[in-house]
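Since chain U is already given, all that's left is putting chains L and E on it; use the hints.
Quick note, the sequences are listed as chains U, L and E, same order.
Residues in the first sequence are numbered consecutively from 1, following our numbering.
Residues in the second sequence are numbered consecutively from 1, following our numbering.
Residues in the third sequence are numbered consecutively from 1, following our numbering.
Simulated from the structure, these hints should not be mistaken for laboratory data.
Among the hints, erroneous ones may be present.
Said to hold, decoys possible - Reference excerpt, derived from the structure (chain L facing chain U, CB under 10 angstroms, subset only):
1. T33
2. R52
3. L77
4. T97
5. A153
6. F154
7. V303
8. Y306
9. Q307
10. V309
What the hints assert, rightly or not - Restricting the straight-line Cα-Cα distance to at most 27 angstroms, the calculated cross-link-like pairs of lysine-lysine (DSSO-like) are:
11. K144(U) / K110(L)
12. K274(L) / K330(L)
13. K274(L) / K110(L)
14. K115(L) / K144(U)
15. K186(U) / K7(L)
16. K7(L) / K274(L)
17. K7(L) / K144(U)
18. K330(L) / K115(L)
Every residue gets a Cβ at the ideal spot worked out from N, C-alpha and C, and that includes glycine.
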Amino acid sequence: MNDASYLTAGTTIRSWLLTRDHKRIGVMFFVLNALALAIGGTFALLMRTELLHPRGWFMTSMTYDRFFTLHGVIMVWLFMIPSIPSAFGNFLLPLMIGARDVAFPRLNLASLYIYLVGAVVTIAGLVIGGTDTGWTFYVPYSSKDATAVLPVLLGVFIIGWSTILTGVNFIVTVHRMRAEGLRWMKLPLFVWSIYATSIIQVLATPVLAMTLVLLGVDYVFDWGVFDPVRGGDPVLYQHLFWFYSHPAVYIMVLPAMGVISECVCTFSRKNPLSYEAIVWATLGIALVGFLTWGHHMFTAGISVFDAGAFGLLSMFVAIFSAIKVFTWTGTLYRGSISLKTPLLYVFAFLFLFVFGGMTGVAVATMSLDVHWQDTYFVVAHFHFIMVGGTITAYLAALHYWFPKVTGRMYPERLGVLSAAGVFGGFMLTFVPHFLLGNMGMPRRYHNYPEAMQPLHVISTVGAFLLAGALLVTLGYLVWALRYGAAAGPDPWASASYEWRTPSPPPAHDFDTPLSLERGPYDYTGGRSEPVAGDEPRREPEAQEA
Amino acid sequence: MQELLRKMLFLPVEASGTSRHIDRLHFVVIGVTFAGAFLVAAVVLAFVVRFRARGEAEPTPVVVVPRAVELGVGGALLALFVGFWVVGFRQYVGLHTPPRGALEVYVTAKQWMWKFSLPDGRRSAGVLVVPAGRPIRLILTSRDVVHSFFVPAFRIKQDALPGRYTSTWFDPDRVGTYPVYCAEYCGVDHSRMWASVVVLSARDYGRWLEGEMPEAVVRAGATPALEGGVVAGTELTTMAAEGRSAASRYGCFSCHTVDGQRHLGPTWQGLYEKTEELANGQTIVADEEYLTESMMEPAAQLVRGYQPVMPTYRGVLSQPDAAAIVEFIKTLRFDRTAPLVTLPHTQATSEDAK
Amino acid sequence: MASGGTRREAHFDSLERQAGAVRFGMWVFLASEVLLFGALFALYASYRATWPYAFAAGVAENDAVLGTTNTVLLITSSFLVALGTERRAHGHSRAAARLVAGAAAIGVLFLVIKSHEYLAHFASGIFPGGRGAHFDHAPAGSAIFFTLYFATTGLHALHVTAGIVVLTFSAVQLRREKLAPHALDAVALYWHLVDAIWIFLWPLYYLARG
Numbered sequence: 001m002n003d004a005s006y007l008t009a010g011t012t013i014r015s016w017l018l019t020r021d022h023k024r025i026g027v028m029f030f031v032l033n034a035l036a037l038a039i040g041g042t043f044a045l046l047m048r049t050e051l052l053h054p055r056g057w058f059m060t061s062m063t064y065d066r067f068f069t070l071h072g073v074i075m076v077w078l079f080m081i082p083s084i085p086s087a088f089g090n091f092l093l094p095l096m097i098g099a100r101d102v103a104f105p106r107l108n109l110a111s112l113y114i115y116l117v118g119a120v121v122t123i124a125g126l127v128i129g130g131t132d133t134g135w136t137f138y139v140p141y142s143s144k145d146a147t148a149v150l151p152v153l154l155g156v157f158i159i160g161w162s163t164i165l166t167g168v169n170f171i172v173t174v175h176r177m178r179a180e181g182l183r184w185m186k187l188p189l190f191v192w193s194i195y196a197t198s199i200i201q202v203l204a205t206p207v208l209a210m211t212l213v214l215l216g217v218d219y220v221f222d223w224g225v226f227d228p229v230r231g232g233d234p235v236l237y238q239h240l241f242w243f244y245s246h247p248a249v250y251i252m253v254l255p256a257m258g259v260i261s262e263c264v265c266t267f268s269r270k271n272p273l274s275y276e277a278i279v280w281a282t283l284g285i286a287l288v289g290f291l292t293w294g295h296h297m298f299t300a301g302i303s304v305f306d307a308g309a310f311g312l313l314s315m316f317v318a319i320f321s322a323i324k325v326f327t328w329t330g331t332l333y334r335g336s337i338s339l340k341t342p343l344l345y346v347f348a349f350l351f352l353f354v355f356g357g358m359t360g361v362a363v364a365t366m367s368l369d370v371h372w373q374d375t376y377f378v379v380a381h382f383h384f385i386m387v388g389g390t391i392t393a394y395l396a397a398l399h400y401w402f403p404k405v406t407g408r409m410y411p412e413r414l415g416v417l418s419a420a421g422v423f424g425g426f427m428l429t430f431v432p433h434f435l436l437g438n439m440g441m442p443r444r445y446h447n448y449p450e451a452m453q454p455l456h457v458i459s460t461v462g463a464f465l466l467a468g469a470l471l472v473t474l475g476y477l478v479w480a481l482r483y484g485a486a487a488g489p490d491p492w493a494s495a496s497y498e499w500r501t502p503s504p505p506p507a508h509d510f511d512t513p514l515s516l517e518r519g520p521y522d523y524t525g526g527r528s529e530p531v532a533g534d535e536p537r538r539e540p541e542a543q544e545a
Numbered sequence: 001m002q003e004l005l006r007k008m009l010f011l012p013v014e015a016s017g018t019s020r021h022i023d024r025l026h027f028v029v030i031g032v033t034f035a036g037a038f039l040v041a042a043v044v045l046a047f048v049v050r051f052r053a054r055g056e057a058e059p060t061p062v063v064v065v066p067r068a069v070e071l072g073v074g075g076a077l078l079a080l081f082v083g084f085w086v087v088g089f090r091q092y093v094g095l096h097t098p099p100r101g102a103l104e105v106y107v108t109a110k111q112w113m114w115k116f117s118l119p120d121g122r123r124s125a126g127v128l129v130v131p132a133g134r135p136i137r138l139i140l141t142s143r144d145v146v147h148s149f150f151v152p153a154f155r156i157k158q159d160a161l162p163g164r165y166t167s168t169w170f171d172p173d174r175v176g177t178y179p180v181y182c183a184e185y186c187g188v189d190h191s192r193m194w195a196s197v198v199v200l201s202a203r204d205y206g207r208w209l210e211g212e213m214p215e216a217v218v219r220a221g222a223t224p225a226l227e228g229g230v231v232a233g234t235e236l237t238t239m240a241a242e243g244r245s246a247a248s249r250y251g252c253f254s255c256h257t258v259d260g261q262r263h264l265g266p267t268w269q270g271l272y273e274k275t276e277e278l279a280n281g282q283t284i285v286a287d288e289e290y291l292t293e294s295m296m297e298p299a300a301q302l303v304r305g306y307q308p309v310m311p312t313y314r315g316v317l318s319q320p321d322a323a324a325i326v327e328f329i330k331t332l333r334f335d336r337t338a339p340l341v342t343l344p345h346t347q348a349t350s351e352d353a354k
Numbered sequence: 001m002a003s004g005g006t007r008r009e010a011h012f013d014s015l016e017r018q019a020g021a022v023r024f025g026m027w028v029f030l031a032s033e034v035l036l037f038g039a040l041f042a043l044y045a046s047y048r049a050t051w052p053y054a055f056a057a058g059v060a061e062n063d064a065v066l067g068t069t070n071t072v073l074l075i076t077s078s079f080l081v082a083l084g085t086e087r088r089a090h091g092h093s094r095a096a097a098r099l100v101a102g103a104a105a106i107g108v109l110f111l112v113i114k115s116h117e118y119l120a121h122f123a124s125g126i127f128p129g130g131r132g133a134h135f136d137h138a139p140a141g142s143a144i145f146f147t148l149y150f151a152t153t154g155l156h157a158l159h160v161t162a163g164i165v166v167l168t169f170s171a172v173q174l175r176r177e178k179l180a181p182h183a184l185d186a187v188a189l190y191w192h193l194v195d196a197i198w199i200f201l202w203p204l205y206y207l208a209r210g
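This is chain U alone, in the form it adopts within the complex (with noise of 0.2 angstroms):
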């Protein structure tokens, strides 16, 4: 391996920042998006401690308001949506194609500038006093809000763009840029996850730009599109808001079961249970996911049958999520399972994701959901999917991927042990918040009755917990940067197609193109060669940090 990694051609800072490499821009979007995931992970161990007494300690309630608000807008816009399709999409997606470089490299690092802007922004109007409105800007209140409602309302509309543009880049590179004869059914699953993400990132956000436009010269020219008094109406905001922030919980998600589809069958050496369910599973939930949008408004005053037809459409897109956890599940049977960190993610992804997603199918339920709407069932039901779920896997997808990105192996029994602390950090959280909600705790509240104290008291606990477990893995992670054992072209000996490239991979991803003989989950051995330098090899000493 003479030639030099991505990490070293080129090392000024100019280098870095004027880039058109995927794999510095994915880097470069990871850095940027952990930040966000500090800000906003900030924010609400201020909020849980604060919520230690029912009358809160230490801020008012317009500061909590703020926090909360600004909680939901940056772990939302700057943190989740983009946290594994922009870092880790974008560092994988060419690599498991067989591709060079994204279709529209100066586009991507457009992608990241604008998305730079757009936190920045936001940021910004965090600094100038922030907002109160909640990261839903439901209309009359946020119209008529005297905070800074307009710069974060800016600030979330570029990075809507961002997104767009991302999703188009990556649509077309999974289109054109595949290698010659990698057929769509032969993609890695992670592919497929992202494709389907993009998508969904294509065709919600625009709604979600127009509303906000329209909502900002409402805030700043009072045009009142949603003005009662004029004649429009507040739920129709509520409807295209929902046409796009439902849609984009799949963003959030549909990345994370990518990365569990990759760990599972590298981990278990396995072929997944069935390749079509969870591509298929997928694609439906891409689409399904546009039509179940109004069962966050059961309670708005929407019609019956309205209500009715959402509800069940969202059984339907549980439904693809329900054959893609049996898949995930039936994988390991006859598999060759080693118990690595980031397959311990997966598990606790299996757990945690099962109970969000029942959790779902439970408020889907339309007459149960009315006594759970806007309470912290509801809080609990999506932090399960969005923490237990999209957190747990990005926790796995950063521990797998780890090596190929940086070529260091990170100190595996701290691995474990941070596993141990996040599962159990979480856990300790949010299940508190099921039964806060069943006793009807609304969200968004700084004062509650004090029967409800030792259930906060318990998830404020849970929440340091989890911070403290992220704290250690990120400070282990630092160090293995620099001292992690050298971890080879493949540590895991997985079949997949981006561990057939050196670690850290050259500057144009592939030294001999991508040969397509080895499926990227054939583990059978034997019945084809492996790729010529890219010899499956484990190096003991990785293993031992």
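Relative to chain U, chains L and E alone:
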């Protein structure tokens, strides 16, 4: 059994007939959720034990699930989920279908309080007093932003929207005082926008109607969390309703619409506090004074573009009726649909009136 | 467009692949654009169902002759661009440049007419947000109609403006023989979409008086 499950899940006491039905479905769905999560966990654990890697990079057989098994599992789960939906949908329809003879209560939300008014003219803020054993239908609207009326004990929640009426109902069957929360974020005191529903026995309710103050009502009204949470007693007015009735008696609707359409006269919708341009070129704000004058001296300040065809009502319309009509017009500020069928009946029913 | 040159970029195997990617990328982007306007069409449909009378009256306020003229202009302009791509495909860059420049000029004419309409509205007291003398007598819901009218046609006018800039730039590049056929195709696709969206705005805001 139901009581035990309710306590395990931290659900509040069930205080209405509907809430018991809903909880039964709740227990089934949550039971299935638990079963699903632990089944997956158990299977994963079993596979890990059984198929733990024994060597490095072992080859494994290709296992592909038979299509029939896959479809079977998917179909069975879908049937289960759709089953939930069927029951849930029926209950949901039930939640939106108040029985006949329900006592109607108008609920007005504003930052940050709940106001209740009954057709007989009783009004209160922060405390709603209802009799046990009689279905109560709530008709909600908001004066400012979106709020949501949430009574955990009845398992009901309904958004209150500006410019619209929404409704829900409950059938309280357990005497007690139950908290009401605002569940849709509405600003800085969102988490203090509480109220109480006091369910009285039929006998106590009768005494309350006669002007007594049962202990529970006093206590609910004195809850410090409730701002302005005092029972306002029996202030007798649903003037707007009377106004509507008067307007219909005097034939106003043959020339004025209430749904925004132009007719022989200007529509009443959005009329109140609107700036009107007059035939003489001046403009005027349609406030109470102007509206009253227009009834008495229609031709004096005629809105541009209309013919002076309206007769004077001086001496025809009594002062209270005129004021009531103005009140009615005021309520049309936000309304967008015509017939206002949801407005209260004008006469208090004999059993509610004292 | 990023890949506007006639040279193959390093990460593509062939120029054909690059051309295909650019065209396909534009299609995907246009799908996004359709959804952007889709939100406004959805609002139109919903509000028209609520306020049929006000919307019909609002449409009657718009000048159908000017609206129709603009429709004809945009179709003509689209046609010129289509001819231009056909010329470019046959290697006649300069002929294509003239056609594309003509299309841009017609786009400018469209904007002139549109501005004239806006000014006429302002003169008769119609402003977005339900402000202006017109709304004192207009049926309820008129404010919404005109707010949507200004928002939708305004957004469309922004797209026309962007289109004119891109067309002008393309015409210059074509004249220098520096624009690949696939790049012109992408530009043309965008311009056709701007046209197609107007084809929907035209009946909704100028013709549907009933």
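Now for the hints, and whether the structure bears them out:
no.: 1; hint: T33; verdict: 4 angstroms, holds
no.: 2; hint: R52; verdict: 5 angstroms, holds
no.: 3; hint: L77; verdict: 5 angstroms, holds
no.: 4; hint: T97; verdict: 8 angstroms, holds
no.: 5; hint: A153; verdict: 8 angstroms, holds
no.: 6; hint: F154; verdict: 9 angstroms, holds
no.: 7; hint: V303; verdict: 19 angstroms, violated
no.: 8; hint: Y306; verdict: 21 angstroms, violated
no.: 9; hint: Q307; verdict: 26 angstroms, violated
no.: 10; hint: V309; verdict: 27 angstroms, violated
no.: 11; hint: K144(U) / K110(L); verdict: 15 angstroms, holds
no.: 12; hint: K274(L) / K330(L); verdict: 11 angstroms, holds
no.: 13; hint: K274(L) / K110(L); verdict: 22 angstroms, holds
no.: 14; hint: K115(L) / K144(U); verdict: 23 angstroms, holds
no.: 15; hint: K186(U) / K7(L); verdict: 51 angstroms, violated
no.: 16; hint: K7(L) / K274(L); verdict: 55 angstroms, violated
no.: 17; hint: K7(L) / K144(U); verdict: 42 angstroms, violated
no.: 18; hint: K330(L) / K115(L); verdict: 18 angstroms, holds
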